[in-house]
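Peer 1: Take a look at the letters that make up each chain.
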Amino acid sequence: MTALIDIELPGGKPPSVPGVAGTRRARLAAELRAYPNLFVGGALLLVLCSLVVWGQVAPPYNPLAVSGTNQLMPPSAAHWFGTDQFGRDVFSRVLAGVGEDLVIGILVAALALAVGSTIGLFSGYLGGRVDDVVMRAVDMMMSFPSFLLALAIAVVLGNNVRNVVVAVAVAYTPYIVRLTRSTVLSARNADYVLGARAVGASRSRVMTLHVLPNTIGPALVQAFLMAGWAVLDVSGLSFLGVGIQPPSPELGVQIADGAGYITTGQWWVSVFPGLAIVMVVLTVNFLGDYVGEKLRGRG
Amino acid sequence: MLRYVLRRLGLAVITVVGIVVIVFGVTHILPGNPAVVQVGGYANAATLKAVEQQMGVNRPLSAQFWAYLDQLAHGSLGTSFTTGHSVVSDLLQRLPVTVELAVAATIIATIVGVPLGLLAGLREGRLPDWLGRVAAIVGTSIPLYWLGLVLIVVFYVIWHVAPAPSGEVNAFVTMPPTYTHFLVLDSLLAGDWSTFADALGHLALPAITLAVVETAPLLKITRSATLDVVHSDFVRTARAYGLPPLQILREDILRNVATQVLTSLGIVFGYLLGGSILVERIFSWPGMGLYAWNAVTTTTVQAIQGYILTVGLIYVILNLGVDLLYAVVDPRIRFGDSHVQRRPRRRAGVSMRRLVAVRETESTGAV
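As given, the protein sequences belong to chains G and E, one line each in that order.
All residue numbers for the first sequence refer to our numbering, where the first residue is 1 and numbers rise by one.
All residue numbers for the second sequence refer to our numbering, where the first residue is 1001 and numbers rise by one.
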């Protein structure tokens, strides 16, 4: 990923500030000025990381500790985000939930990337019948909204973290396959590939050492953005009751916990976890927007 | 033209077959036992065996698949044990309710998203562009179901301007006679103004919720389509001839953007059907999504299968309609004139199918 970000842009947008050859810090500052999306995304990422660390190291309360006396308390100095119907501290649960959802999002993206880019590589490079079969399968999987595909798989596999991660990753894989395949197709007859083949490199060597490193870029960016969608979809599944189960502090579970109290005015149980989701996904989307802009500038 | 239509129809049929295979596969091939799902984990072995026998899940896979196809061929999706009706009649009854919500959301999203996207594209790199891009990023970062809850808090709990999230109308409202199965239209046609107002009030919040999330992709698509056109050779030529900017906007830019927006609308609409399960659950909106949610909570496998199959079918039909529409409005496709530059700048050669991944557009750009 870093290799993508650091690409110099001859005649691109205006990041090439005078004195680019300066220190690392100066270059970073110039980059942040030229790309506000990097600035916003980076700042949000820092905040998120500190929240996660806070939640892991020293949360104000145990996120799972119920209390018989402090139920549905509005936000106060003692409980910044109030308490839920079991008297649990919403702020501590949000801290824990952000960590959990981030890990889940990354796992989903990594799984979809690993499986999808492998299939896409084979499909694009081998071509022929393999390619036909794979592309038909991909077309069919993409003829559902991915959320519904994930829902169907999650319902059948059953409710636990591993199954939900698998379900959402399976629903995302076709997007990676299609993307990797199209880049592999355009690289298949590139000079460096022909060169490697001409000196007698085996097919597996060409695929893994030459084609893959040169075509993985767009899929990496896509997978990065998928981490954000995954947070939305996994929490959505949990909200519907087919994802992660209570008493987990997963953010969608928390929103579902509070949904029943919305019309009676106890808004804080649902609203704060949702804000946390927005923040996580915003971070990913802003950074993804930056990386996408960089990648486009290159073409 | 005929060849294109036939080829496209053939593709749609193949996709439908694939959807059937996937829906069957998801419920039968994956390592999970539908019978266990049905009876719960605590049933004894004899009960489980009986249910397995009744559902036929202990038969060979090929036999099960054949039975499933046979059932589908007779136009049946099985019976839901929670409602006691056939899944087909359940879904047909709820389809208009969901479609009404999705249409309302699409109208709102189009009115807001398309002009903003156009403005952003025309003022590339300037303030409207920045605002549009930020709005699109924020719009795609909001969980739909949470947004619905927030709107309820603000407009129902705090400001008391919206009705309670209790479905299509208040319980005591007289229902108009059925003309179109769309309640808002029916009450309007019947001239029943109080029911119309009530239905419209109930429709507002869920429609806005769906619309906010749909505006973002629509804005992105419009912006990138506008950018493509603005940077195209023909617009540059028109400018070089010194044509008035308004004429260029009307005759070159708007026309070309409109075709792309029109066709992407179909896909956005299909995407709404997927999101509607969350929104319907929050607003107790009695459509297909709520039905599916009830099926999920009671693990009524037949109903879940039927719902997913139906949405997949609608998706395919929409895609088909969109591609045919595209051929109607774009003569270059109609006449198969493949060497004509279809999408100028950077997107050249990328097929329309790519728009299927609404979320994918703009995220990676050039491939």
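The set of hints was computed from the structure by calculation and includes no laboratory data.
Keep in mind that this is a model prediction, so the values were computed, not measured.
Glycine included, every Cβ here is placed at the ideal spot set by N, Cα and C.
Hints are supplied without guarantee of correctness; some may be wrong.
Where chain E lies over chain G, by a calculated footprint (3+ residues, C-beta under 8 Å) [what the hints assert, rightly or not]:
id: 1; segment: 152-163
id: 2; segment: 238-250
Which stretches of chain G does chain E cover? Using the computed rule of at least three CB atoms under 8 Å from a CB of chain E, they are [claimed, not checked]:
id: 3; segment: 96-108
id: 4; segment: 113-123
id: 5; segment: 192-198
id: 6; segment: 254-262
Peer 1: Against this structure, judge whether each hint is valid.
Peer 2: Status of the hints after comparison with the structure:
For the segment 152-163 of chain G, the stated coverage by chain E holds: 6 residues have a C-beta nearer than 8 Å to a C-beta of that chain, and at least 3 were required. Given a C-beta distance limit of less than 8 Å, the hint that chain E covers the segment 238-250 of chain G holds, as 4 residues qualify and 3 suffice. Remark: the segment 96-108 of chain G is not confirmed as covered by chain E, as 0 of its residues place a Cβ nearer than 8 Å to a Cβ of that chain, below the required three. Judged by the Cβ-Cβ criterion of 8 Å, the segment 113-123 of chain G is not covered by chain E as claimed, because only 0 of its residues qualify and three are needed.
Using a Cβ-Cβ cut-off of 8 Å, 0 residues of the segment 192-198 of chain G lie near chain E, which falls short of the minimum of three, so the contact claim is violated. Counting residues of the segment 254-262 of chain G whose beta carbon lies closer than 8 Å to any beta carbon of chain E gives 4, which reaches the threshold of three, so the coverage claim holds.
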